[in-house]
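Position chain F against the provided structure of chain Y, taking the given hints into account.
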Amino acid sequence: MARLYRNPKQVQDEFIGVFPKLANVDWCIKSPWDDDYQCVAWAECRTDRKSWPGAGYVWPEGLPQANPPQTAREDHFVQRFGLLGYKPCGLDRSFEIGYQKVAIYANDLGVTHMARQHFLGRGWLSKAGSMEDILHPNLEDIEGDTSIFANQYGKVTLILKRTWWKAFTSLSLFRCLLAAFKFRLHQCVHGYAFRQGKRLQ
Amino acid sequence: MAVQNLTPEQVFQVDSGVLAILSGVSVPMETVENGTVAVRSSALSSPIGAEAAFICESLPESIQAIPLLGIRDRSALRSPSVLVSPTLVSPLPERTLEQRFREQADKWARETKHLSSPTQMMMHPSYQAILGMALENKREILRLLILDLQQHRNEWFWALSYLTQENPIKATDAGKMDRMIAAWVNWGRENHII
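Chains Y and F are the protein sequences, given in the same order. In terms of the numbering used here, the first sequence opens at residue 1 and continues consecutively. In terms of the numbering used here, the second sequence opens at residue 1001 and continues consecutively.
Take these hints with a grain of salt, some might be off.
[As the list claims (entries may be wrong)] Cut-off 27 Å, straight-line C-alpha distance, at most; resulting in silico cross-link-like pairs (DSSO-like, lysine-lysine):
id, chain 1, residue 1, chain 2, residue 2
1, Y, Lys155, F, Lys1113
2, F, Lys1107, Y, Lys155
3, F, Lys1113, Y, Lys182
In short, the hints are calculated from the structure, not lab data.
If we strip away everything but chain Y, and leave its shape as in the complex, we get (with noise of 0.2 Å):
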C-alpha cells in the first residue's frame, strides 16, 4: 500500500484544504500518495526512504540528530544538504542557469519541510507528507502560520543551492528523472492527470 494514485479531485481537495493558497495558482501532482519518502527525502532526490535528523529516519552518521521532544533546527539540514554540495544562498529563491536550489521551511518550534527547485526552474517540488508530490510555482504557496500547533509549515528561512555538476555527480539528477518517469509512464497508461486550472481528466 505503499503507493496509492488516488482521485485527482481528492487530491485537490485536500491539498487545497490544508494549502489554501494553492487555489489561486496553476499547480500540479506530480507523484502518486507514497509513506515510503517524505520531503526531506525528495528535496534530496530519494523516493526510498525517509531523512529527518532523529531516530526511525535516516540520517549520515556523525551528524547532530534531534530527537523528540527536541526539535530539528536549520542548522540540521544545512549540514546534512552541505554533504551533497549545498551551500547557504539567504533566501534568494530566483531561479539561476546551472544551479539547483532547496528551500528549508520553519514554524516557531523548528524545520517543518523542505522543497525543491524543478530542475529547468518550472516551479517547487513539494513532497506533503505522506501525500503526493506537487509542483507549485512559488514557495509562498504552502507557507502558512508559523504557530507550532498549527499544523502548517510556516515560512521559508533558508535556501541552499548546489552546481548542476554537483546534482549530476551525485547520481540525484537520475534518480529524479527515473521517479518521474514512472509517474509519466503511470499517467499515459492511465489517464491520471491533474492540473489546477486544467483539467486534464
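Below, chain F alone, put in the same frame as chain Y:
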C-alpha cells in the same frame, strides 16, 4: 505565547491528552475561543496526569465537571488553569477505549498526513491523547497502536518506543517503512501483544 483554538470536542475527548500536551511537552499555551476554554501552562509543569492542576473555577458546579475532564484525583487540584464554560459540561456517552483510540487515531492521521516533522506530528492533540489513554490500559493501547501501524501504516513508532522503552528497529532499517512496520509487528507477536 502560542495560541491554539481547542474545540469542546477536543476538551472532552482527550481526557489526559490535554494534560499530556501541556505537561508532557511543557509547551506554554493559552487557548481562548469565544470564551469557552482557556488553558494556562503556568501550573502544568508536572508529569502527565499525576499532579496536573485543573480546576473549573467559573462554575458553581465545577466539581461535577472534573470527572468529565478525566481528572480523577481531586487532591491534584492546585491552582486554576482551565476555565470551562457551562456549554462544555455535558455527560459523555460511554465509549470503549478502542472506540476512543480509533477516533483520535483517525483524526491524527487525517490532520497530519501532510506533515514530515515528527515533532510536529507528535505535538498534535490526538497523538498526545492516545499517549494519555495508555495510562488507562497500556497493553491495550500498545495492541491498538501496532494493529493500526500494520493496517493503516500510521506512524506510531515514537509512541511505541516511548511506551515500551524499546526499539526493535535495526539501525539499517531506519527510514524504511515496510521494515520498520515489520519490526514492530514481530515485536508485538513475540511479546504476545497482538
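Evaluated hints:
{"no.": "1", "hint": "Lys155/Y to Lys1113/F", "in the structure": "holds (19 Å)"}
{"no.": "2", "hint": "Lys1107/F to Lys155/Y", "in the structure": "holds (25 Å)"}
{"no.": "3", "hint": "Lys1113/F to Lys182/Y", "in the structure": "holds (23 Å)"}
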